[in-house]
Amino acid sequence: LDEGACVALFEELARRSGPSALRKLDLSWNRFGGRGGAAMAAAVQKGVLPLLAELNLRGANLTDEAGAAIAIALARAGAAVKILNLAGNSGLSRQAARALGCLLAANSSIQELELGGCR
Numbered sequence: 007l008d009e010g011a012c013v014a015l016f017e018e019l020a021r022r023s024g025p026s027a028l029r030k031l032d033l034s035w036n037r038f039g040g041r042g043g044a045a046m047a048a049a050v051q052k053g054v055l056p057l058l059a060e061l062n063l064r065g066a067n068l069t070d071e072a073g074a075a076i077a078i079a080l081a082r083a084g085a086a087v088k089i090l091n092l093a094g095n096s097g098l099s100r101q102a103a104r105a106l107g108c109l110l111a112a113n114s115s116i117q118e119l120e121l122g123g124c125r
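When we follow the working numbering, the leftmost residue of the sequence shown carries the number 7, and every step to the right adds one.
It is possible that some hints are incorrect.
[Claimed, not checked] Straight-line Cα separation of at most 27 Å, DSSO-like style, residue types lysine-lysine; simulated pairs: (1) Lys88 <-> Lys30; (2) Lys88 <-> Lys52; (3) Lys52 <-> Lys30.
Hints in this document: simulated from the structure, not taken from any laboratory.
On a predicted model such as this, the values are computed, not experimentally measured, just so you know.
Using the sequences and the hints, build the whole thing.
Here it is, written out as structure tokens:
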């Protein structure tokens, strides 16, 4: 999926009237970019993925801002993510790292975090 398709996916998901039963989401090697990451963060923040336990965004071309937005959204109380893979996103650096630190401090459900290949 390119950036526009990622935006469309998460905008539609955010329009749901109720939560999704989705537990695993693998969007590795899709081209999220900044807008796709922001749209995903907005959907997560809205609470439409409360059961999501595994999120794989390896090589998703995330920007630092998008990575930070996703981490902040996942840090909210009640997020169930246990496995988060952000490896291969060379656009992630200091801003995302700070937000991921907040995520780890706020969310005790995280058991695995992969960041190989990030700045």
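Cross-check of the supplied hints:
Between Lys88 and Lys30 the CA atoms are separated by roughly 10 Å; this keeps the pair inside 27 Å, and the hint holds. With a C-alpha separation of about 19 Å, the suggested pairing of Lys88 with Lys52 holds against the 27 Å cut-off. Proximity of Lys52 to Lys30 is assessed by CA-CA distance (about 18 Å); at most 27 Å being required, the pair is judged to hold.
In this structure, none of the earlier numbered hints is contradicted; all agree with it.
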